[in-house]
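Chemist: The residues making up each chain are set out below.
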Amino acid sequence: MSAEKIKICEDLYDIMPPEYQDIVENATYGKEGRGWKDIGESKELIEQHSLCAGCPESIAFRYILASLPAPEDTVFVGSTGCTSLVFPMVAVHNIHSLFGNQNAIATGLKRALMVRHPDKVKDVVVLAGDGATVDIGLDMTMQSWFRQEKFTTICFDNELYANTGGQESGLMQKGFVSKMAPVGKLFDKVRLPEIAREAGCHYVVMMTSSKPNRVEKAIRNAVHVAREIGPTYIQIYTPCILEIGKQSMEGLDEMKDSEGIGGRFTYKEYVTDAAAALIKEMDDAEKAAKKAAREKAKAAAKA
Amino acid sequence: MNKKVIPEDRKIISSTHVKIGQKNQKDQVHTEPNEFFYGVERITKFFTGSEVIQSAIKVSHCDVMVAYPITPQSEAAALIGELFADGYIGDYFRGESEFAVMGQCAGAAFGGARVFTTTAGPGTLRAMENFPMWAGSRLPIQVCVTCRGVNSPLSIQPDTLEMSYLLETGMLIWHAETAQDLYDFILKGFIVAEQPDVHVPIAVCCDGFFVTHTKDTVDILPDDVCLPPYDPYKSPVPCMDMECPPVRMMRDPFIMKSNYIHYATHASWQQEIHAAVERSRKHTIPFLDGLIDIENGDRDILIIGSGTAVSQSREAIRLLELEGIKVGLIKIKTIRPFPHEEVREALKNAKTVFVPEFNIVGWLAREIKAIVPDNDKIIAGPHVAGGMTMPSEVIVVEVKTALGLNVEKIKM
Numbered sequence: 001m002s003a004e005k006i007k008i009c010e011d012l013y014d015i016m017p018p019e020y021q022d023i024v025e026n027a028t029y030g031k032e033g034r035g036w037k038d039i040g041e042s043k044e045l046i047e048q049h050s051l052c053a054g055c056p057e058s059i060a061f062r063y064i065l066a067s068l069p070a071p072e073d074t075v076f077v078g079s080t081g082c083t084s085l086v087f088p089m090v091a092v093h094n095i096h097s098l099f100g101n102q103n104a105i106a107t108g109l110k111r112a113l114m115v116r117h118p119d120k121v122k123d124v125v126v127l128a129g130d131g132a133t134v135d136i137g138l139d140m141t142m143q144s145w146f147r148q149e150k151f152t153t154i155c156f157d158n159e160l161y162a163n164t165g166g167q168e169s170g171l172m173q174k175g176f177v178s179k180m181a182p183v184g185k186l187f188d189k190v191r192l193p194e195i196a197r198e199a200g201c202h203y204v205v206m207m208t209s210s211k212p213n214r215v216e217k218a219i220r221n222a223v224h225v226a227r228e229i230g231p232t233y234i235q236i237y238t239p240c241i242l243e244i245g246k247q248s249m250e251g252l253d254e255m256k257d258s259e260g261i262g263g264r265f266t267y268k269e270y271v272t273d274a275a276a277a278l279i280k281e282m283d284d285a286e287k288a289a290k291k292a293a294r295e296k297a298k299a300a301a302k303a
Numbered sequence: 001m002n003k004k005v006i007p008e009d010r011k012i013i014s015s016t017h018v019k020i021g022q023k024n025q026k027d028q029v030h031t032e033p034n035e036f037f038y039g040v041e042r043i044t045k046f047f048t049g050s051e052v053i054q055s056a057i058k059v060s061h062c063d064v065m066v067a068y069p070i071t072p073q074s075e076a077a078a079l080i081g082e083l084f085a086d087g088y089i090g091d092y093f094r095g096e097s098e099f100a101v102m103g104q105c106a107g108a109a110f111g112g113a114r115v116f117t118t119t120a121g122p123g124t125l126r127a128m129e130n131f132p133m134w135a136g137s138r139l140p141i142q143v144c145v146t147c148r149g150v151n152s153p154l155s156i157q158p159d160t161l162e163m164s165y166l167l168e169t170g171m172l173i174w175h176a177e178t179a180q181d182l183y184d185f186i187l188k189g190f191i192v193a194e195q196p197d198v199h200v201p202i203a204v205c206c207d208g209f210f211v212t213h214t215k216d217t218v219d220i221l222p223d224d225v226c227l228p229p230y231d232p233y234k235s236p237v238p239c240m241d242m243e244c245p246p247v248r249m250m251r252d253p254f255i256m257k258s259n260y261i262h263y264a265t266h267a268s269w270q271q272e273i274h275a276a277v278e279r280s281r282k283h284t285i286p287f288l289d290g291l292i293d294i295e296n297g298d299r300d301i302l303i304i305g306s307g308t309a310v311s312q313s314r315e316a317i318r319l320l321e322l323e324g325i326k327v328g329l330i331k332i333k334t335i336r337p338f339p340h341e342e343v344r345e346a347l348k349n350a351k352t353v354f355v356p357e358f359n360i361v362g363w364l365a366r367e368i369k370a371i372v373p374d375n376d377k378i379i380a381g382p383h384v385a386g387g388m389t390m391p392s393e394v395i396v397v398e399v400k401t402a403l404g405l406n407v408e409k410i411k412m
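Protein sequence lines, in the order shown, are assigned to chains S and F. Take the first sequence: its letter number 68 is residue 68 in the working numbering, and every next letter is one higher. Take the second sequence: its letter number 187 is residue 187 in the working numbering, and every next letter is one higher.
Some clues are possibly wrong.
What the hints assert, rightly or not - Here are some of the chain F residues that sit facing chain S, going by a computed Cβ distance under 8 Å:
| id | residue |
| --- | --- |
| 1 | 63 |
| 2 | 70 |
| 3 | 71 |
| 4 | 87 |
| 5 | 90 |
| 6 | 96 |
| 7 | 99 |
| 8 | 113 |
| 9 | 245 |
Just so you know, these hints were derived from the structure itself, not from any lab. The structure displayed is predicted, hence computed values, not measured ones. Glycine included, each C-beta is placed from N, C-alpha and C at the ideal position.
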């Protein structure tokens, strides 16, 4: 989509909702090098949300939307759960259909967009919770990777079914006592990043959303690798503070505690050679652009 | 596409798509539907039902087809793969299960594609959660259902029980009797389902094996024409391709609120889906020459049915006529929308009505009994199930027994 398409016709400008005017005037559609630092500077692509106060998922959501390389040509596919409370208020197209079929939807969508818009790049990004990604939807998640479908899968891992009230999920840690795990979960946290690597993902990251620049980098890499090479997977710890008995201000600490050495969410990534080469190319180009900008600024200062 | 053009003899909705007259990637000319269905000279072929499905898709300008093996639709699904290899279809692949396939179809339709798939029996039931989702999302996907048994122990034989599960999904449901019906229903089904004031999915059903695996003469269109493309920007809901501005669809999320406004939103949405199914009548009636066909409808005894039960009844009626028993025949072509008025009117003067069916529950008889005031005259039968054929003689016996006539033992 060209950013022109969202411009409001002059005669109707005053009757459009202020949020829409704001999106047209101040959002970062079409902006080169957009990123998390735009948050607070320009209109975000997420308009409110009804998640719990302090929910780490909400901040991860904002970082991701701020980091998309081309939101004006990106379509999201969600699933049932807390994320489906946010998507209706997001200024990119997004699809909710059923619980667990998100990677099947994304497969059909990406292929249809390639058939219908052969001359344009349309990014498809799946964003779903751990229940949808790993439990009910695991076959469709993995099969899309086997088939080398060219889209990014993001899993908001809160280690339980949050929206239904904190039941055990496959990504829950072993021994954790929750609803439906009354004596503690009996088996290990499913190692989806390793499964993703083996199933054919070219870029896999396990992280928390405690560091926005890291989230930005992972999203940029994942979307570009998916666009050019094949499937990518990002698993982000977004603890459900409500269900693990934390206060609303404790989400960040929870993420930081879990990502230390030996923690459940210590940063790790798996990158294929092809993906590594592409990422290096992008990094080099970014560095060169920054250098050029610096020199230009210097030259301007001298003059 | 929605503009009404009424040639004097054919009152059907025509298309005003900008690509009419232009060629597609295979040099097929996008042809205006009036001309496509009634003007272009057809070629007579002797084809299996599976080949008929392939032939229809060949001229349908289909964007995406997703396949999965299950008897008796596997052959058709594989033949469409050959069309993809030849460049007639935008994309084609095998999904991993019917549940996933129907999701993949939905994804493609959300992205603005004309989508076709096929399934049968247990596959239909495995995919079931998707069908009301398709309807609720206003996706005009076409699924060809080649009916087979859904019972356990495992059966792959023909049986129409699975259609009863589809009745309240919000889809259009058409039931083809013959290969010719199947061919025309598939192509006309795309056009009706894609009308902006309908825009719901369609299940074109046929009886597995009896239609899919037998050969029949069928008049098909030449390969150098095809349907006009689907125009997703005339959809009543936004096409999810970021080519139109994203809108904030609701003030609050669509779930999680227990208040009257949310209940009302959902209720009115459902009402609209079912209203859209009813609205399809005005396009379907001219396209299919009515939702029902009547042969000798003024007779005291009538047989009413759908699918191949109609073919068997037609032969039974010939046998009965040899014995001087005159029976009329009503063929129901669309199960959804159900032809309430038409059936009520057609059965008004009949004294006895038989509903032969290829399933054990007699769901079609139930549908008919529910709308006819003097429904004690409706005899739900004969029924066969589990893959049995329905010899015409069985229908003859049913009729004669009900009339109190002597029935000779059927010699098998």
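Chemist: For the hint on residue 87 of chain F, just tell me whether its beta-carbon gets within less than 8 Å of chain S.
Modeler: The hint is violated - residue 87 of chain F has no Cβ within 8 Å of chain S, the shortest such distance being about 12 Å.
Chemist: Holds or violated: residue 63 of chain F as interface residue toward chain S, Cβ cutoff 8 Å?
Modeler: This interface hint holds because 5 Å falls under the 8 Å limit.
Chemist: Does residue 99 of chain F hold up as a contact with chain S if the rule is Cβ-Cβ below 8 Å?
Modeler: holds (7 Å)
Chemist: Holds or violated: the hint that residue 96 of chain F contacts chain S, with Cβ atoms closer than 8 Å.
Modeler: Since chain S brings a Cβ to about 4 Å from residue 96 of chain F, closer than 8 Å, the hint holds.
Chemist: Restraint: residue 71 of chain F near chain S, CB-CB cut 8 Å. Satisfied or not?
Modeler: This interface hint is violated because 22 Å lies over the 8 Å limit.
Chemist: Take the shortest C-beta to C-beta distance between residue 90 of chain F and chain S; is it under 8 Å?
Modeler: holds (4 Å)
Chemist: Under 8 Å, Cβ to Cβ, is where residue 113 of chain F needs to be relative to chain S, so tell me if that hint holds or is violated.
Modeler: holds (4 Å)
Chemist: For the hint on residue 70 of chain F, does the least C-beta distance to chain S fall short of 8 Å?
Modeler: The hint is violated - residue 70 of chain F has no Cβ within 8 Å of chain S, the shortest such distance being about 17 Å.
Chemist: Can we keep the residue 245 of chain F interface hint, with Cβ of chain S closer than 8 Å?
Modeler: holds (4 Å)
The structure is inconsistent with the numbered hints 2, 3, 4, although it conforms to all the rest.
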